[in-house]
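S.K.: Chain A is fixed; fit chain B onto it per the hints.
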Amino acid sequence: MRPTPGPQAAATACENRLVPAIETERLTKFYGSHRGVEEITIAVERGEVFGFLGPNGAGKTTTIRTLLDLLHPTRGSARVFGLDSRRDSVAIRARLGNLPGDFGYGKLATGREAISLLARLRGVAGLGGAAALAERFRADLERPMGQLSRGNRQKIGLILALFHRPDLLVLDEPTSGLDPLMQEEFLALVREERERGCAVFLSSHELDEVERVCDRVGIIREGRVVAVERVSDLLDKTPRRVSVEFAEPVDLAGLRELPGVSDLEAGDGRVSFKVAGNIDPVLKAIARHTVLDLEFARPTLEEVFLTYYEGETG
Amino acid sequence: MTALIAAQLRERRRSLLSWGLPLGLWSAFIVAIFPSIEAALAKAVRNYPAALKEAFGVGELSTVEQYLHAEMLSLIVPLAVGYLAVRSVASGLSGAAESGRLDVLLSAPVSRRRLVTAGFCATAIELAAVLAIALALTSIGSLLSGAGLSFSSALAGFANVWPLALLFGSLGIVVTGFSLRTSIVTGSVAGALVGMYVVDLAGRLDPSLDAIRYVSVFRYYGKAIEDGIDPLSFLGVTVAAVALAALGATLFERRDLFT
Chain A
1 MRPTPGPQAA ATACENRLVP AIETERLTKF YGSHRGVEEI TIAVERGEVF
51 GFLGPNGAGK TTTIRTLLDL LHPTRGSARV FGLDSRRDSV AIRARLGNLP
101 GDFGYGKLAT GREAISLLAR LRGVAGLGGA AALAERFRAD LERPMGQLSR
151 GNRQKIGLIL ALFHRPDLLV LDEPTSGLDP LMQEEFLALV REERERGCAV
201 FLSSHELDEV ERVCDRVGII REGRVVAVER VSDLLDKTPR RVSVEFAEPV
251 DLAGLRELPG VSDLEAGDGR VSFKVAGNID PVLKAIARHT VLDLEFARPT
301 LEEVFLTYYE GETG
Chain B
1 MTALIAAQLR ERRRSLLSWG LPLGLWSAFI VAIFPSIEAA LAKAVRNYPA
51 ALKEAFGVGE LSTVEQYLHA EMLSLIVPLA VGYLAVRSVA SGLSGAAESG
101 RLDVLLSAPV SRRRLVTAGF CATAIELAAV LAIALALTSI GSLLSGAGLS
151 FSSALAGFAN VWPLALLFGS LGIVVTGFSL RTSIVTGSVA GALVGMYVVD
201 LAGRLDPSLD AIRYVSVFRY YGKAIEDGID PLSFLGVTVA AVALAALGAT
251 LFERRDLFT
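As you go down the protein sequences, you meet chains A and B in turn.
The first sequence stops at residue 314 when you use this note's numbering, and every number in between is there.
The second sequence stops at residue 259 when you use this note's numbering, and every number in between is there.
Please keep in mind that the hints were generated in silico from the structure rather than gathered at the bench.
You may find that some hints are simply not true.
[What the hints assert, rightly or not] Have a look at the derived ranges for each label pair, beta carbon to beta carbon:
| no. | chain 1 | residue 1 | chain 2 | residue 2 | range |
| --- | --- | --- | --- | --- | --- |
| 1 | B | THR2 | A | ARG143 | 24 to 34 Å |
| 2 | A | THR74 | B | ARG14 | 40 to 50 Å |
| 3 | B | PHE258 | A | ASP84 | 17 to 27 Å |
Each residue gets a CB set at the ideal place from its N, CA and C atoms; glycine is no exception.
Next up, chain B with everything else stripped away, as it sits in the complex:
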């Protein structure tokens, strides 16, 4: 198992930088400019329409944590890292099937379930690493600019993205139980990712639609950078991700492997 995980991580080492660096540098930039725009921003936000503030998770923007959440952690980071998760899972299963690597790996005494589990674990580690790089760069940006970002709050904010993104990786595993075409796996789960965000948004904007938010994992995402991690939501989404991955592994085990 460790050999499979290590091999997958080695193949994905470039994505750590290609995803972690841009997200981290962008977040660092957001944090770094905050001190210079703080006053003007607070004034502008007061004039924003309530619906707009709700849509983009913009509350009061009087602290750097609130600003980082509004600019990065409410939308961009979860969508980007969620997409990375499904892309990673797809490259390890459907991508491997398309390239022929899956046939080679399954010539060895490795069960399909073990292969899927290794892919899931590698994705979980990769997501954590990308988020850690983004967190580190953001913290460095704060230190250099004197923005005063609380490390523990930022840690909570970035860490809270992990189970959410992992869940979309698991959805990707479920889809590979039906299709081994990478375009179908990434396309359908990316659609679900955006769809769930929109459903949650609609529920937040219109209280009469609040009930539909329960079908979206964003309902359980919250604002960890401001409020801290909700352990129940964090654990619940993580358990759901593991359960979906297990379901996906079973479907993958039962299917014929051809592209």
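Same shape as in the complex, but just chain A:
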């Protein structure tokens, strides 16, 4: 018979079900006078895939390394499953799997040796789920990692992050170096992990894969989070591009004055413009004319992302 949990254990279990997988409160990290990240406040729920987006140097890796206690915050706090990232870092790491950006493990050790060591450190019997993952990713566990290509090394890194079935996955540029087939396999795996209830914190440049797999995204710019949204909401909020070919000339001023319409251009009988918000007035205005062709392009996450960085690259 299993022992009945006491009230304190039950309360802790209840609390544990409620606390987010990751919660940062005004997390700030400076390297001397140089800014790492500032005032990062985000929460990642259990069973959620959270994409963390930003260009190089925006602070994605700094945030991850602070969560893992590899860096110590200058101000603010980070909690993982309700545990303090500094004080309880060992207990936190028992529950997470991490793929560092630019994964490396030295040249001499084989994948099997690395997994075997990590399995012993984690108290996992044998190699855990590593064999199945190796088969799925077609990873070579027997060759020294110095002899593997970048993509094949990355597969070992993914196996090291996943083999013990963690409650939280922290993945920094996980598909870097993987071929398209393996990228698909990885995305399928992330979906399976979410089904299992695992939270995934995914930092990536690959906006297409983020769009396909993430529930929410956070966008970081110059060390600060500038947006946290559901992917679908983010896409809905962003102007869609409309391109219409009319049978006869139309009154462009009438279209331009419609609410939400911008960037209107005309030429060769075709009119294109962006429309934000309610699309209904635009459709009604178009319907007053004979329409030969209509294209309606939903923005990609990449386009959305770039709107947050407009003016920065010039």
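M.R.: Chain B only, in chain A's frame:
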């Protein structure tokens, strides 16, 4: 902890041979040629300048133990094994940080202190193994040549290198508390190793500088192959090495990890 130590030793298994074999074969050669040069050597040494004899720890060279000390154990073995110690510590910490392995290991539920302790223990075992290989080959050289090297004296001589070398490994751990660049860790501690030898040498050559020898661990090294191990010095240097490693672990625990 044992998993971490075993993994580090597995990675360093090549260094056991690449350091133990040359040191052992060289020492074996020194011992093996002693019977044939013994008489000429004693005559030559009598004509050496006193300062030169002091500088290289050359006293009377009438026994094979004295000769082995002068040729190997006074300078070459301590410097080589001391350098190996800092190199090993650096590969386990700063080298691991540079290769990315440290990030992977610290993704597991392992405290930094445990990681440093494992590295220190692995280095201590590695040094002992290298010295044991060197001792074994030297003894075989003596047996084959009939040089008559006393095993217990040779054991004392080689064993006495262990705490001294370990101390430089610990200094390496302290330096990783400030820098995770392998070149800085090995360079600075190798500099300290040579510097301490020179300070001790200066103190021995000039009695007015004797006081400065106390800042050098070589002050406590002596000639164990001739005089036996001084338990107080052996224990004192070992305790100092452990204390420095503990200090290094604390510094390592407090620092940000990036290269």
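S.K.: So, for every hint listed, does it hold in this structure?
M.R.: Consistency of the hints with the structure:
Checking the proposed 24 to 34 Å range against THR2(B) and ARG143(A) shows it holds: the Cβ atoms sit about 26 Å from each other. Distance hint check for THR74(A) and ARG14(B): the Cβ-Cβ separation is about 42 Å, which falls inside the suggested range of 40 to 50 Å. For the pair PHE258(B) and ASP84(A), the beta carbons lie near 21 Å from each other, so the given range of 17 to 27 Å is met.
The structure agrees with every numbered hint stated previously.
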